[in-house]
Amino acid sequence: PRGFQVLIKLWMPPLAYESGILRTDHIQRNERITTTIGKVLRMGSEAFREERRFPGGPTITFGEWAIFRSSERQLVQCGNHYLAFLNDDRFVGVTTNPSELKTTFDLEYEHVG
Numbered sequence: 710p711r712g713f714q715v716l717i718k719l720w721m722p723p724l725a726y727e728s729g730i731l732r733t734d735h736i737q738r739n740e741r742i743t744t745t746i747g748k749v750l751r752m753g754s755e756a757f758r759e760e761r762r763f764p765g766g767p768t769i770t771f772g773e774w775a776i777f778r779s780s781e782r783q784l785v786q787c788g789n790h791y792l793a794f795l796n797d798d799r800f801v802g803v804t805t806n807p808s809e810l811k812t813t814f815d816l817e818y819e820h821v822g
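The end of the sequence shown is residue 822 by this note's numbering, with every number in the run present.
Hints are computed from structural coordinates only; laboratory data are not their basis.
It should be emphasised that the depicted structure is a prediction, and the values quoted were computed from it without experimental measurement.
Heads up, the beta-carbon is just placed ideally off N, CA and C, and yes, glycines get one too.
Mixed in with the good hints there might be a few duds.
Said to hold, decoys possible - What follows is a set of in silico ranges between Cβ atoms, one per label pair, in the way DEER data are often shown:
hint: 1; residue 1: 809; residue 2: 741; range: 15 to 21 Å
hint: 2; residue 1: 737; residue 2: 760; range: 38 to 44 Å
hint: 3; residue 1: 718; residue 2: 759; range: 22 to 28 Å
hint: 4; residue 1: 739; residue 2: 718; range: 16 to 22 Å
All chains, full assembly: derive it from the sequences and hints.
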């Protein structure tokens, strides 16, 4: 990443549900496209440096699981890894365990039972 950009590796849920049933290719693709959680890999040299916008310092740091809006990222595939570039001011929070969060909903499969 350059300037004020941050590079993250997108979080991917396990290939199988807790019950042992495998996620279909369609569900995996949907989760890959809609995920809004990623591990911070690198930051550009200007990321979080502007004191006026970040008076308390960086809102995220290396190795943290960052939460962001899906429309704010630039997706990149590198081999089997899915990465995203985001501007430093586009993060909305952090989590210690991404598997406990659901930040998007797949209306095709969500139902009340």
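* Which of the stated hints cannot be reconciled with the structure, identified by number in ascending sequence? -> Going through the list in order, the structure violates no hint and respects every one.
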